[in-house]
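> Sequence:
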Amino acid sequence: MTDRLGELTAAGVAVWLDDLSRVRLSSGGLDQLRREQHVAGVTTNPTIFAKALSDADEYNWQLRDLATRGVDVEEAVRMLTTYDVRWACDVMRPSYDGSAGVDGRVSIEVDPRVAHDSDKTLAEAKALWWLVDRPNLFIKIPATEAGLPAITKTLAEGISVNVTLIFGLDRYSAVMEAFLAGLEQAKANGHDLSKIGSVASFFVSRVDSEVDKRLEKIGSEQAKALRGKAAVANAQLAYERYGEVFSSDRWQALADAGAHPQRPLWASTSTKNPDYRDVIYVEELIAPGTVNTMPESVVQAYAEHGETQADTITGSYDAARQVFDDLASVGVDMSDVIATLEREGVEKFEASWQELLDGVRKSLTAAAQGTGAPNQAAQDNAAAAQQAGGNA
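Going by my numbering, the residue at position 342 of the sequence shown is 342; the numbering climbs one at a time, nothing skipped.
Be a bit skeptical, because a hint or two may be false.
[What the hints assert, rightly or not] Restraint ranges, calculated between C-beta atoms of paired labels, are given here: (1) G370 with A10: 50 to 56 Å; (2) P149 with T68: 49 to 55 Å; (3) P94 with D133: 16 to 22 Å; (4) A310 with K126: 37 to 43 Å; (5) A123 with Q322: 43 to 49 Å; (6) D119 with A10: 40 to 46 Å; (7) S335 with K272: 41 to 47 Å; (8) D336 with K224: 16 to 22 Å.
If you are wondering where the hints come from, they were derived from the structure by calculation, not from laboratory data.
Predicted, not measured: the structure shown is a model, and the values here were computed from it.
Beta carbons are placed, not taken as given, at the ideal position from N, Cα and C, and that holds for glycine.
Starting from the given sequences, assemble the full structure and let the hints guide the process.
In structure tokens form, the structure reads like this:
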């Protein structure tokens, strides 16, 4: 059989899984994906954890212990989620070692409620870093305006960062600037740059969802013909900017000191429109030095019928700019699209985080009172959290 995921990896795309649960860990499922399906990293978010924590069997013993100790819900969530992420880091350690620290990474997100507070974001990042205590950890920090200085300061501490919720090109440029400044400070602080990793998570399918909604409202044939084109064009132009920054003299000085580039990571790669090919956001975004994080359904779909070309991004930039010009000509304001997506992205993760807190609070209460399986209450919240958030 054709090893399509192997071909994708050979084309320079690191295949990461956008999911984590204790069932996946205890069953050996994650390790199997690493060994057999070329999965070389893991991303998580509050929605994923809310869904995972709805499993009644795998978390009960820990919930009972936490309830017995009388911990508050905030600490309980941290103990439950960092336990899973630490375990996942250990599972992915062979990929980390085999890639000289480039892959084998597992991401955990700062509390999204502090996304607009730089100091709290930094403090949260540092706390998660020492709680998990694994070199192949990534701390996810949203690319809000307040997040940018926190990204620089976190990297300056020698902490590896996954910058998340990037939707627009200008914000992406600011993220790369924050990365370079962070590494320069880390070097000045005496950190080994070869141990610091970073990716910039550029969201894809949500762009098409928002733009297509506006195109449908406009309703003209010219507008409808542009459906499903904005997201890929946006990501292609992001890769162009990546190439410019990471071929600069400024970057070369850091590379000479052992630094790894901050790779673009294509996130939100499951198609939201059933009319689109289920692997479109993988096939159309193949280029060296990139990461594509996928839910397992997309991993399996690509393994079954994905088509790998050597590079589907380089050389596409003029066509991508034309898509943006065409969108503007029919009345789509991409600046407003990006602002809307960033605001909604933070709000969705905040809502998922609250659902996670509510589910764990109910579970702790059930465990303390001895009223049935403590995690049954979390199951009631998992579906709502899944709807409120959405995979990275």
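> If a hint holds in the structure, say so; if it doesn't, say that too.
Checked hints:
For the pair G370 and A10, the beta carbons lie near 54 Å from each other, so the given range of 50 to 56 Å is met. The supplied range of 49 to 55 Å is broken by P149 and T68, whose beta-carbon atoms lie about 40 Å from each other. Checked against the hint of 16 to 22 Å, the pair P94 and D133 passes, with Cβ atoms roughly 18 Å apart. Distance hint check for A310 and K126: the Cβ-Cβ separation is about 41 Å, which falls inside the suggested range of 37 to 43 Å.
Checked against the hint of 43 to 49 Å, the C-beta distance between A123 and Q322 comes to roughly 45 Å, which is consistent with it. Separation of D119 from A10 is about 43 Å and conforms to the stated range, judged on CB atoms against 40 to 46 Å. Checked against the hint of 41 to 47 Å, the pair S335 and K272 fails, with Cβ atoms roughly 22 Å apart. Checked against the given bound of 16 to 22 Å, the beta carbons of D336 and K224, roughly 20 Å apart, stay inside it.
The structure fails to meet hints 2 and 7 from the earlier list, while all remaining hints are met.
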